[in-house]
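S.K.: For reference, the chains in residue letters:
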Amino acid sequence: MPPHVGLFIPCYMDQFYPQVALASLELLEKLGCKVSYPIGQTCCGQPLANAGYERDTLTLAKHFVTLFKEVDYIVAPTGSCVLHVKSHFPELKGMEAELEKTQAKIYELTEFLTDILQLTSIKGKFPHKVGFHASCHGLRGLRLSSSSELQEPTFHKAKLLLDQLEGLEWVPLSRPDECCGFGGTFAVSEEALSICMGKDRILDHERNGTEILTGVDMSCLMHLQGIGSRSGSKLRYLHLAEILNQALS
Amino acid sequence: MNHPQAAAAFLKDQARASWHDETLWYVRDKRDAASKRLPEWEDLRTLASDIKEHTLSQLDYYLEKFEEKALENGIQVYWAKDAAEHNQIVLQILQSKECKALVKSKSILTEECHLNPFLEKNGIAVVDSDLGERIVQFLNQPPSHIVLPAIHLKKKEIAELFHEKLGTEKGNEDPKYLTDAARIHLREKFLSAKVAITGVNFGIAETGEFVVCTNEGNADMGVHLADVHIACMGIEKIIPRRKDLGVFLRLLARSATGQSITTYSSHFRSPRKGKEIHLILVDNGRTAQLSRSNYRSSLKCIRCGACMNTCPIYRRSGGFSYGSTVPGPIGSILSPGLDVKKYSTLPFASTLCGSCTDVCPVKINIHEQLYAWRQEITQAQGWSGKELSIKLAKGIFTSPLAYRVSGKILRAALKSLPHSLIYHPLNAWGKGRDLPQPPASTFSEWYQKNRL
Chain A
0 MPPHVGLFIP CYMDQFYPQV ALASLELLEK LGCKVSYPIG QTCCGQPLAN AGYERDTLTL
60 AKHFVTLFKE VDYIVAPTGS CVLHVKSHFP ELKGMEAELE KTQAKIYELT EFLTDILQLT
120 SIKGKFPHKV GFHASCHGLR GLRLSSSSEL QEPTFHKAKL LLDQLEGLEW VPLSRPDECC
180 GFGGTFAVSE EALSICMGKD RILDHERNGT EILTGVDMSC LMHLQGIGSR SGSKLRYLHL
240 AEILNQALS
Chain B
0 MNHPQAAAAF LKDQARASWH DETLWYVRDK RDAASKRLPE WEDLRTLASD IKEHTLSQLD
60 YYLEKFEEKA LENGIQVYWA KDAAEHNQIV LQILQSKECK ALVKSKSILT EECHLNPFLE
120 KNGIAVVDSD LGERIVQFLN QPPSHIVLPA IHLKKKEIAE LFHEKLGTEK GNEDPKYLTD
180 AARIHLREKF LSAKVAITGV NFGIAETGEF VVCTNEGNAD MGVHLADVHI ACMGIEKIIP
240 RRKDLGVFLR LLARSATGQS ITTYSSHFRS PRKGKEIHLI LVDNGRTAQL SRSNYRSSLK
300 CIRCGACMNT CPIYRRSGGF SYGSTVPGPI GSILSPGLDV KKYSTLPFAS TLCGSCTDVC
360 PVKINIHEQL YAWRQEITQA QGWSGKELSI KLAKGIFTSP LAYRVSGKIL RAALKSLPHS
420 LIYHPLNAWG KGRDLPQPPA STFSEWYQKN RL
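If you read the protein sequences in the order shown, they are chains A and B.
If you read the first sequence in numbering that gives the first Met the number 0, its first letter stands for residue 0, the second for the next number, and so on.
If you read the second sequence in numbering that gives the first Met the number 0, its first letter stands for residue 0, the second for the next number, and so on.
Hint data in this document are derived by calculation from the structure and do not stem from the laboratory.
Among the hints, erroneous ones may be present.
As the list claims (entries may be wrong) - Simulated restraints, written as ranges between beta carbons of each label pair:
| id | chain 1 | residue 1 | chain 2 | residue 2 | range |
| --- | --- | --- | --- | --- | --- |
| 1 | A | Gln102 | B | Asn139 | 50 to 56 Å |
| 2 | A | Leu118 | B | Arg450 | 21 to 27 Å |
| 3 | A | Lys92 | B | Glu52 | 27 to 33 Å |
| 4 | B | Leu46 | A | Arg206 | 51 to 57 Å |
| 5 | B | Glu159 | A | Leu202 | 30 to 36 Å |
Every residue, glycine too, gets a C-beta built ideally from N, C-alpha and C.
In isolation and in its complexed conformation, chain B is listed as follows:
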C-alpha cells in the first residue's frame, strides 16, 4: 500500500476530489456548530478521555467484571484473540443454528476481521443492513469512511447502482425515492434472517449490558426479528459504569455528524424468552497496542470519524487511499500496530497539522503519535533514497561551513542552471511550484559584512 500514489490517483479527477473535500468539510462544519452549542464541550472531552484512560489502565479488571455480569444476564460470552478466532466463533454459532443467511448492522470490527468474505466462502449470505454499507456491498467495495461508508459516491452513481440492483427507475436520483427502494429491499432481508450480527459501541462493565448506536434503526430491526443476536466487540469498547455512558453518547453523535444524539442508542442486556445473545470479545492486536506506551491512548477511540472529516489529507485523498479498514488519522496510528510494513506510508500521509488532535472527542494526541510512528518506521526500514538524502542533509547541517558552502552552491545553481534541469520531473518541488528567486547573499553573509 502506497498512500502518495493512491492519493495522486484520487486527485487526477480534480472536480471530484474537490467535491469530496467539500462534502466532508460540510460534516466538519456541522460538528463545529453542534459542539459549540455545548458550553461544557471541553470538560466533556477531558472527562471522556479520563474515563477511557482509567479503563485502559485496568482493562483486565473491567473486562472480567463485564463478562461476569453479562453471563449473569444470560448472554453467552466468547473471547477471540484474533480475527481468525473471531470468524471461527461466528461460523460455529451460525452452523449450530443451521443459518445460511443473516443481516449485519454496521461493525468496523467485522470489517477489520474480514468476516463477510469468510462467511461467504463458507456458504453463508451476509446482507449489510446499514444503507451506506449495503451500497458499498453491492459494489464489492469496503466502506471508505467508518461513519459514512458510501460518502465517496455521488447520488447519480447510487441511482445507477439501484437501477441495476433493485430495479429503480433509470435516472431517478431522488434520495427519498432511492431510500424507499432500499427500505423495501432490506425489509425482505430482515424478515428472512434468523441471525443478526451487530457491532458494539459501548460495553458497560457495571451492568454487563452493551449499547449499539445507529441512525437507521437497522441494528434493532435485525435483532428484534432474529432468534439469535451475535454482537462483536473490540475489548477497548468497555466503560466502567452506566452513568459514564451519557458523556460518550453526547460526544459521539456531535463529533460524528453534528447531531445532538444518535437516533437509536439501544441497550442490550438480556436475551428475550426463547432468544439468544452471543457476545464475542475480540483482541486482534489491541493488547499489543496497549503495551506500546506511545500508542496505547489510540485505544480510547470511539470511532466517531471526526478526525477523518477534519483531515485535509483524508478529504482530498479519500478513504481508499489508506488501504486500511480504519482510514484517516486514527487509522494511520492504529494500522501500523497491526502490520508496520504494510502500513508504513500512512504515518507520513500527514502534515502533522494537529487538527485531528483538536477535534478528537476523547483527546487522543493523534498527530504526536503519527510523529512517533515515523521515528520507528525509519529505524525499522531504512528507506534507501530518503535515507541517503537525509544523511546528506545531516552532513550539511551539522557543519556550519558545509551548510554555508552548500547553500551558496544551491543558490548559484538556481541562477545558472537551465529551467528544464531545475524543473526536472523528478524534482517534486518544482512540478507544481516555482522556486523562490535566489537572493544575492544570505542573511548571515549580510550580517557579518554590515554588523560585525
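Bound-form chain A, shown alone:
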C-alpha cells in the first residue's frame, strides 16, 4: 500500500504559485504516493501568529486538524508553515490527541523525500548552476540542514536530493544560511531592512554564479524575486519541487 499523503498548500502558493503546488502533487505521484488535496484549505495562521496574534488562530488550527484527519502523512512544499503547525498551533482543548497526531505526521516536502521515502537514486537531469536559499524556519526550526552557528556534522536534506540530479551544479555561497529578510509581516513593517537583506542575498548568489535560485519556501523566493525583478537581476527562481518534478519527467 502506498502511503496516503495529504497535500497541504500554503495560501499564498495556492493564490500566486499554483504551478509549484502542481509540481509537488506530480512529484509525489511520480514517486508512488497516493496523494489527495483536501478541499477547503485556508491559511495555517502563521502570519497572524508571528505578528503576535496566535490567540486568533484557534479556528484555523481546528479546521486544519479536522481537514487532514484521514491521511497518513501531511506533506507541504514549505518549511515555515510546517514549522508553524508543529510548534505554534495553539492549544486545542478537547482535540489534544488529534493535534498531537497532526503535528507528528506533517512533513516539509524535502524531509519527506529524504526521511520517509528515503530517496537515494533519483533518475533525472538538471544541467544548471543552482543556488539554494536556506529558509530560516526550515533550517533552524525543522533542522533541514546543519546550521553554520552550531558545531555539528554537516548535513543538508535539499542538497542530498539535488546532488542526485545529473548535471546540476551546486553553487556555494559566502553566507550559506543568512536570512533573506522576508519574515512575514516583517517584510512590510520593517520594509527598509527587509529589502536590504533581500538585496544582499541576491548579490551573494550573483557573485557566486547562481543561475537558478531555489529553496523550499516560496514566500522567501517571492520576496527575493520581487526585489530581483525590480532591480533587473538575471536570476531565475524555481521552487525545489519544480526542479525535481522537471528533472524526473
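Please arrange chain B on chain A, whose structure you already have, making use of the hints.
M.R.: Only chain B this time, still in chain A's reference frame:
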C-alpha cells in the same frame, strides 16, 4: 522608540550600512572559527546553560552565600533594588571619600542605570577607561554594542575626534598612533583617580570573589591605582563554584570576539591593606524577569554580544536603532521587561530567523522569546491599523469561501489595477519589490476542475 524608522534612517547611507554589516560579520566569522576549534563546544554550551538554569532556580540561596563569603573577605556589600538606589549608593561612597573624579571600566549595568549623567549632575567627573567607551563618551553617545562600544565608527572619524580632543595630527588614521595617544591621555586619568568603578562578569558564590574580564587591562589599571574599588554587579551574574568559571570564560571570549581567552580575567577577593572594595548587587527589574516563566532564561545571558554580531537586523540597523542599553536580539527580550510600552517595537525587529538562539553560548531561546513577547504586546496594546488588517485577514482565512473570493478579487485587481495604484507609496510591499504575476487560476480551482 520606533525601530523601523530608526532602521530606515540608518539604511539611508547604504555604503555605510553595508560596511557595518561586513564589520560585524567579520566578528561572527572569527567566533565561528574559534568555536569550531573546540570539539566540545556544544557540550560546553549545554553545561553553561545548565549551570545558569540551576543558579537562577536558587538565586536567593546563592546570592546570600555570595554575600556572606564576600563579607568574610572584607568586601563591603550593598543591595540596590533599582537604578536610582544603585546610583545613590555609588554617590554616597564617593561623597564619603570626597572623590570628584573617577575612572570606570566597561560596565553595561552602569549604562543601564545611567550612572554617568547622574554623577556628572552631582559634580563628579567620570572617565570611561575602555578605549571604545572613551571614544563614544567624547561624542556624548551611548555604546552601540555591548562588547564593541564604538563599532559604528570608522577609523577616519576617530582620527578626527582625537585630533579635536587629544590634539593628534590631523588626518593621521594609523590605529597604533591613535591608540598610543589614547593610552597617554588615559594614563593621566588613571594616576589621578582615587576611586575606580568596574562591572562584574562573574560572582562566585563559593568563594565570595568576583571576576572582571577586559582586553585592555583598564579595569586592573584603574583598580590597582585607586584606593577604593566600587564593583557594580547585576544579581544574575552569580555562578556557584570557582570550578564553574572555566566553562564560562572559554565560551565568553570565543563567542564575543573569537579569542581563545580574554586578555585579562581578574579575580578580586579581598581588598589590599589600606584599600577598600565596595560591591553593589543590583536588581533593577531582574527579579521581575525571573518571575516571568517565558523570559526568565534571558537572565542566563553572559553579555558576549554574539547575538548582535550574527543578527541580520542588528548588522544592518546599528545598535542605536534599538534605543535600549542592550541592543540586538538579547536586548529585544530584556528591554520589554523593563518598559513594555517604550520597547514595544523591538520584539518585531526580527524575522525570527533563530540565528541568535543557535549562536548563544548559554542556549537562550532568544527567537522564541521574541515570539512570546509579540503575543503579549499585541494583547496589551492593540495597534489599531495592524489590528484591523489582521482581523480582516482572520475573517478571510477562517472561512474557506471568503478566502477563495478574496483571493480571486485580489488576483483580478492585480491584473486590472493601474501600476501606480498597486505600487502606491503606502504599499510597503511594492515599494522595493515587484509583485508576482497573478496566475489564471488558483491551484485549488485547477484541482477541482481536473482531479475531482
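S.K.: Please go over all the hints and tell whether each is borne out by the structure.
M.R.: To see whether the hints hold, each was checked on the structure:
no.: 1; hint: A:Gln102 to B:Asn139: 50 to 56 Å; verdict: holds, 53 Å
no.: 2; hint: A:Leu118 to B:Arg450: 21 to 27 Å; verdict: holds, 24 Å
no.: 3; hint: A:Lys92 to B:Glu52: 27 to 33 Å; verdict: holds, 30 Å
no.: 4; hint: B:Leu46 to A:Arg206: 51 to 57 Å; verdict: violated, 40 Å
no.: 5; hint: B:Glu159 to A:Leu202: 30 to 36 Å; verdict: holds, 31 Å
Checked against the numbered hints above, the structure violates only hint 4.
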